[in-house]
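Student: Grab the two chains, each in its own frame, and use the hints to assemble them into the complex.
Protein sequences, first through last, are from chains W and P. Position one of the first sequence corresponds to residue 4 (our numbering), numbered consecutively onward. Position one of the second sequence corresponds to residue 9 (our numbering), numbered consecutively onward.
Simulated from the structure, these hints should not be mistaken for lab results. Keep in mind it's a predicted model, so treat the numbers as computed, not measured. Do not take every clue at face value.
As the list claims (entries may be wrong) - Listed next, the in silico DSSO-like pairs over lysine-lysine satisfying Cα-Cα at most 27 Å (straight line):
1. P:K349 to P:K71
2. P:K95 to P:K105
3. P:K323 to P:K251
4. W:K227 to W:K93
5. P:K206 to W:K93
6. P:K105 to W:K93
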Amino acid sequence: MSPAEQSQRRKSTRNGWLLSAPALTLLFLAASGPLLIVLVYSFLTPGQYGNVVWEFSLDGWVGILFTRDIFDGTTNLADAHLTIFWRSVKLSLMTTALTFALGFPTAWFIATRPPAQRAMWLFLITIPFWTNLLIRTFAINEVIRNEGLMNTVLIGAGLISEPIRIINTDTAVFIGMAYVYLPLMVLPLFAAIDRFDMKLLEAGYDLYASRLQVLRHVILPIVKPGIIAGSILVFVPSLGAYVTPRVLGGGKNMMIGNFIELQFGQGRNWPLGAALSMALLLIVMAALLIYVRASTKGNNPHG
Amino acid sequence: MKCTLTALAFLAATTSLAQAEGVLNLYNWGNYTGPDLLAKFEAETGIKVTVTDYDSNDTALAKIEAGGHGFDLVVPSTNYVPIFVEKGLAVELDLTKLPNHTNIAPEWMDVAWDQGRTHSIPWQWGSIGLSVNTAVYTGDINTSSIFLDVPDELKGKINVVPEMTDVVNLAVMYVGGEPCTEDTEVLKKARDVLLAAKPHWISMDYGATEKLSNNDWAASVNWNGSSMRARLANDTVAHGYPKEGYPIFMDSVMLLADARNVDQAYTFMNFIMEPENAAMISAFARYNNGIAGSDAFMPEDMKAAPEVVTPDEHKAAGTFLPTCSPTAQQYMAAIWTELMK
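Same shape as in the complex, but just chain P (with noise of 0.2 Å):
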């Protein structure tokens, strides 16, 4: 009898310890959040992560823009990070409550987007490239003409993520041109090259992990991580890094200024700091997290894959995309209009 009361009161107890310790809504990119991470955290802190999905930057920036979208958290990549502390959409970090904030990677702390890591932390980092299936097409992969010179072999069978930063600074590059340029000869090169290509191109889509691996496509622009989960599926997938220069993202976590569960969003940012949660996170989406000694708790397959470890001979060509000025991004926009007619 004494067992069950103690069994009760213990049950109370934790209960409504765990309805104290509330709920914390988390904005993120779709299919970037693994079920395990969010079940491990609610199981030692009692708090109910719920996630609600984008897909580019713009859209979520126009959400919290906006308002009313009741977010505590949200991961903008690179580019985006200085446009939400400007716009006074995201807050100064509280160093002092997150302990594991020195877990940061030393390359990853003074990065020129967020000097010291004040406003945002690690989430994941990888960089876009060129996914294409190698018994469809033998040739060099680690180049940018697979998509923008397509090969006999890949024609109406490689699609584009219609990512307009990625894409069109992939062409800009191609065409011998720096990221963000404003020089309009550089720009009508890459307008031309892209508008040449894309007739050759099967589609304009994300998905790009299930249609690698189901043969609907035999070759993609695309992320580093999702080529990695595209060659378990279907071990005919390589990833090449396009010499001609490609873009490095890395994809931080910022608390929202008008978060109304500051305590659970710090909470959660010190969680995957944690070395081995942070290994949790690229267990899911298979890119790298910026987070120091998360290598020892790293899935087998990704110590040595070379979707993840980059070769040494493709790292010079990657590049982090600086934010665009308002007038090179208009210069992408009206390019992306005309391509997408």
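Only chain W is shown next, with the shape it has when bound in the complex (with noise of 0.2 Å):
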């Protein structure tokens, strides 16, 4: 590399740093500074009604998974957080794996059709985005309730003389999220398929391979980037979820973010509410750790 390329390059990653400056000050002054003051709270002591004392506490990250059982006073396993929190990976486990079922076909769909259609498709994929979250939740609620849509209709058609009870189970939260994150797994699966060659897959077939086998060993590998980044996409605010739970689980299951909001409310534990924040970002932090491993390794598979 020559000095004046050196310099030009220098000059460039300058001018970058300059630019992002803004973006990452009010990344550091939005989001790392209100985390500190979290993190701070996780290590103090409860105030009598809500709030902290300022004094040092362990109790907010023991209290994660242990707990003083209130009536003999010795210490256990937090079955009630565990419990919480195995509900939460779960069925945001659950709502990953069918939006990629039902991601992947719709986003092979649009990467199939003439490029003047594709910008159609993919604009109608975007229409939910322009309702807010919460009416898109109980749109779903009037459609799966015990008097709601489906079940009047199936009903009326003599399919079924019992509503079916959703409404209020792990499997209502689980459709509605499902419902609300799909676009978030069709886009990242639609940019990598349409950057796959399909004459790879004539390749394939003129090699014998099976349609299986085509699907296995030349279509996945080669999206897998788009694969990891919508699972990414729709497995972190899954986990995070609060209005679908309250909304559709009708309150009586808690997830993650349930859980939080009830320290910082009526259970009067700010500490704890602070730590299992924290918590929870450590598991979506682990979790972006796996996907960036992951994806380094689909781009360069010679090493």
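Tutor: Shown next as structure tokens:
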């Protein structure tokens, strides 16, 4: 590399930093600042009526996994908390799987349309974003409730005699989240499939590969970054979902988001709430790390 | 010409007057403040009221304690009034600015949580009980066993409002304890009863008025005013007063220490203690208001409503919730977490 080239590169790096400075400042002040407060609060003592007392304590962090039995004073594994964590992770994984199962054929369909039509199909995918999340969730509620659209139609058609009860169950939360997050799966999948060279398909068939083999050995490895990006985009917000479990789940079975809210409200244990928020953040970061690992491997198959 | 000028001058005068009167920020429970009341207040005083909603006392307390909220008035329940005072979040009222203070009904004047009403004035009061669709369940509805030992007809059809203090204390009274108890034997029994009953509940949610009206739920632990609104929409809904004991609440207006529109806040507080205006509050949310003489202005359908006028045989079971001690609060929170998992 010549000295001229080097100085040119340095200049472009500096300009890059300068250009991104406003965004970085905003990120630091608006994201890291509040996060630091949350981190500090997680190491304090809860106040009598909410808020915190400025005394160092690890109780918030210990309280994530362990709980002192209020009646006999022994410390046990916090069964209630683990149930909530497990429900959140399970529902988020299920949501990711379902959105993939629905999103992959959709994205494939869009990517294989003539270029002039693709914009229209993509535009249709983004339409749900025009409406507020809360309103979309209430709309789902209207469809699946006992006397809602789905049950009325099914009963009217004589297919069932008793309404199918979905509302206020984990299934309702699952359906709601899959509906809400589906576009987040379709868009990155489309981006990946769009770049896919269809000639590779013909090459695969020419080499006597079956349709399934082409899917497994040709398509999936190449669109893998899109699959991972889509899965992350769905999994992360699902894990912290608050509105959907609250509206569709009927509030009976909490997810992590609702559990954190409880600590800042009626639970009056802000440090535990703060520690739970940080724990959620750590889970999300772990998921992102796996993503970065997996996607760099995918882009660089020959080492 | 002269006429037009006068009109213009008058217009200018009134608009500047309206601007000078300013604004007021009211922080109140959701679905609790009637728009017609605010319209009347604005028409009379020129003060524009902005209402922000909350859904629990703890939310309100947390937000106000955090500061920077911009609210002038808040409407906490009985057991939270002393907390707002103790923490210095609400200030003592200057009664000379509230000539209508004498309109407070005698039984609501010297209350345990605010002797002489020097810190809070009545907004509305009511009680928590059970709303039951009598077409679905025909048995006795004046008992907490409706939700703690759910009858077969109501299994999978009953909702419980996620209001920790009310629900845990209903269960405590059901097993024979006192509200805010620290007796672990009683609390353990209450917990067991709640945990055993939970699988039969459909949900733990707010919004009982709508969901009882449209038959999503056949019953709910619910407040009396909400019960009445549900009955008006669906006449098979009736309100039960649990004979094992039920909490009575009063939500009271308090002036915040960091209020910026203090004069407007006094004007508003004085305004709502006018019997006619207090009746407007009740006409919207369907609860009683604690202002003497407001009965005359109440809507006809409330004057004999069994939800609003507690029948004599059920009066004795009602009790005011004291401000629970932090220890009692921790017990309740632990039971609640186990219940909500």
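Student: All hints are to be evaluated individually against the structure, with a verdict given for each.
Tutor: Hints, verified against the model:
1. The suggested pairing of K349 of chain P with K71 of chain P holds, with an alpha-carbon distance near 25 Å, which does not exceed 27 Å.
2. Proposed proximity of K95 of chain P and K105 of chain P is supported: the alpha carbons are some 24 Å apart, at most 27 Å.
3. The hinted pair formed by K323 of chain P and K251 of chain P meets the criterion: a straight-line CA distance of about 9 Å does not exceed 27 Å.
4. Pair hint K227 of chain W plus K93 of chain W holds up; C-alpha atoms about 22 Å apart against a cutoff of 27 Å.
5. For the proposed pair K206 of chain P and K93 of chain W, the alpha carbon gap of about 22 Å is at most 27 Å, so the pair holds.
6. Of the pairs offered as hints, the one joining K105 of chain P and K93 of chain W is violated, with about 59 Å between alpha carbons and a cut-off of 27 Å exceeded.
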